[in-house]
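Start from the sequences, fold in the hints, and give me the full structure.
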Amino acid sequence: MLDIKFIREQKEFIKEVLRKRKTKFDLDAFLAQDDKRLEILKNVEHLRSEQNQVSNRIASNHTKDAERAQLISEMRGLKEELKKSEDDLNEIMKEWQKDMLVIPNIPSADTPEGPDESGNKVLRTWGEKPAFSFVPKDHEEIGKALGIIDTDTAAIVTGSRFSYLKGDLVKMQFGLIQMCFELLTDDEKLTQIAKEANVNVKIKSFIPIIPPVFVRPLIQVKMARFLTPEEHYVFPEDDQMLVGSAEHTLGPIHMDHIFKEEDLPIRYAGYSTAFRREAGAAGKDTAGILRQHQFDKIEMETFSLPEHSTEEQNFLVAIQEHLLRELKLPYEVMIVCTGDMGFPDNRQIDINTWMPGQDRYRETHSADSTGGFQARRLNTRVRRSDGKIEPVHMNDATAFAIGRTLIAIIENYQQEDGSVRVPDVLVPYVGKEVIKHRS
RNA sequence: GGAGCCGUCGCAUAGCGGUCUAGUGCGUUCGCUUGGAAAGCGAAUGUGGGUAACACCACCGAGAGUUCGAAUCUCUCCGGCUCCGCCA
Numbered sequence: 072m073l074d075i076k077f078i079r080e081q082k083e084f085i086k087e088v089l090r091k092r093k094t095k096f097d098l099d100a101f102l103a104q105d106d107k108r109l110e111i112l113k114n115v116e117h118l119r120s121e122q123n124q125v126s127n128r129i130a131s132n133h134t135k136d137a138e139r140a141q142l143i144s145e146m147r148g149l150k151e152e153l154k155k156s157e158d159d160l161n162e163i164m165k166e167w168q169k170d171m172l173v174i175p176n177i178p179s180a181d182t183p184e185g186p187d188e189s190g191n192k193v194l195r196t197w198g199e200k201p202a203f204s205f206v207p208k209d210h211e212e213i214g215k216a217l218g219i220i221d222t223d224t225a226a227i228v229t230g231s232r233f234s235y236l237k238g239d240l241v242k243m244q245f246g247l248i249q250m251c252f253e254l255l256t257d258d259e260k261l262t263q264i265a266k267e268a269n270v271n272v273k274i275k276s277f278i279p280i281i282p283p284v285f286v287r288p289l290i291q292v293k294m295a296r297f298l299t300p301e302e303h304y305v306f307p308e309d310d311q312m313l314v315g316s317a318e319h320t321l322g323p324i325h326m327d328h329i330f331k332e333e334d335l336p337i338r339y340a341g342y343s344t345a346f347r348r349e350a351g352a353a354g355k356d357t358a359g360i361l362r363q364h365q366f367d368k369i370e371m372e373t374f375s376l377p378e379h380s381t382e383e384q385n386f387l388v389a390i391q392e393h394l395l396r397e398l399k400l401p402y403e404v405m406i407v408c409t410g411d412m413g414f415p416d417n418r419q420i421d422i423n424t425w426m427p428g429q430d431r432y433r434e435t436h437s438a439d440s441t442g443g444f445q446a447r448r449l450n451t452r453v454r455r456s457d458g459k460i461e462p463v464h465m466n467d468a469t470a471f472a473i474g475r476t477l478i479a480i481i482e483n484y485q486q487e488d489g490s491v492r493v494p495d496v497l498v499p500y501v502g503k504e505v506i507k508h509r510s
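Take the first sequence: its letter number 238 is residue 309 in our numbering, and every next letter is one higher.
No farther apart than 30 Å at their CA atoms in a straight line, the calculated lysine-lysine pairs in the DSS-like style are these:
1) 200 to 215
2) 215 to 242
3) 273 to 459
4) 82 to 192
5) 459 to 82
6) 107 to 86
7) 113 to 169
8) 91 to 192
9) 169 to 93
What follows is a list of derived Cβ distance ranges for each label pair:
10) 377 to 327: 14 to 20 Å
11) 492 to 310: 45 to 51 Å
12) 79 to 459: 18 to 24 Å
13) 304 to 281: 17 to 23 Å
14) 106 to 132: 42 to 48 Å
15) 205 to 87: 51 to 57 Å
16) 229 to 165: 36 to 42 Å
17) 171 to 110: 15 to 21 Å
18) 229 to 382: 39 to 45 Å
19) 275 to 76: 29 to 35 Å
20) 333 to 252: 22 to 28 Å
21) 87 to 492: 49 to 55 Å
22) 224 to 79: 57 to 63 Å
Rather than coming from a laboratory, the hints here were simulated on the basis of the structure. Glycine included, every Cβ here is placed at the ideal spot set by N, Cα and C.
Set out below in structure tokens:
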């Protein structure tokens, strides 16, 4: 949510934002409504003020009985007028709040304008795509043959887009989790990463979190992550829904809280399963485990001072890149254009990792800078040293989308005989250098 | 799931229909005092809306209601605690 004062003051600018982000919204009509809202609000406050004054006179000992009776009958009339005005205000506020939720965040200056994902720009690439002396297979074929991925049984037991991961692949998942948390809780390594990426942030390690996977729909609305209800598993009788990302329960941790300036930044790393209905993706990526209804993820969520949030986002991207470099997986870093970026984002950076089995880069990471957009709805603020209170800035970013990272490893590290080499950094966790079929 | 308590300004508490535009203590900040400090004394200290700035208004877990008037009474919901039951 944007600041209504800002919207009022920067009308033309907001219109431009709406156009760039392909949002159909009649801003003029909305602002006319807003004028009306302020007018009614003033009226309500005036009436309430009068009500209090008269009420005080009724209560006063100096008021004579006859006068008191007179005042009480006066109050009856006032009461009705107030009620009517309040009803008007409530009605207009309902519309107003709905409208405010439709206006997206303002894209950063370096966000390219574009209609859809074709407008995204690659900022840099890293790593050599592996050269194979044979035709590389995709992860499903390899995983199935090795007995480490079983989607067939999952389809029978549960349904499509679910899977059993088995054997060494499970150990590899826990290896990824381990190496990730070791990094994110290590000040020294984080300092090194920031230095190498030339990013200027206060180093403070991440607090590991295992968050709930259920969340109230109302909280999702505050996170601006509930624009497509059909994408979520919702349980109306419990007024709860499954999260689509750990971000959904990490972001609201400090709802209604006011930070001291020196508290920031605060960084969390949450490990959680994510659930998505993939309602709009029928027939897309049906093979293997690329697009599942259920997958595990480590998500970074940080709270920072407004002037530090872009640098914070760059820091999170540097961490993402570091993790991929540790695994020696080739990737490209991409800045997402206005037509493709997430609704609450002011700057979105995606990382696509090379997947030889599909002969293309696929999205494995996203780093979303939402500025004060989510924080304003969540009422998460900071008191500056001069006493002023403002929304904090929030960043969220993938550390590992584990399923997709496993895919990238399987496909990049595959060998002609169908076995998969284990990346050096994961060998201690998996306990072997090559994953072969279990005899 | 059953029974009983409870939710007030950072924390702790008062508040039992009008004097609550919410009192007190702790904490915090500033000042006095001091060679300096502690103690003591004095003052300030919630959030939001609104305004050029004031005024003004709202907020006592959330919402609805009763009333001329609600932190206070009623209802619904949310959350917490204690006991019982069940359970990893």
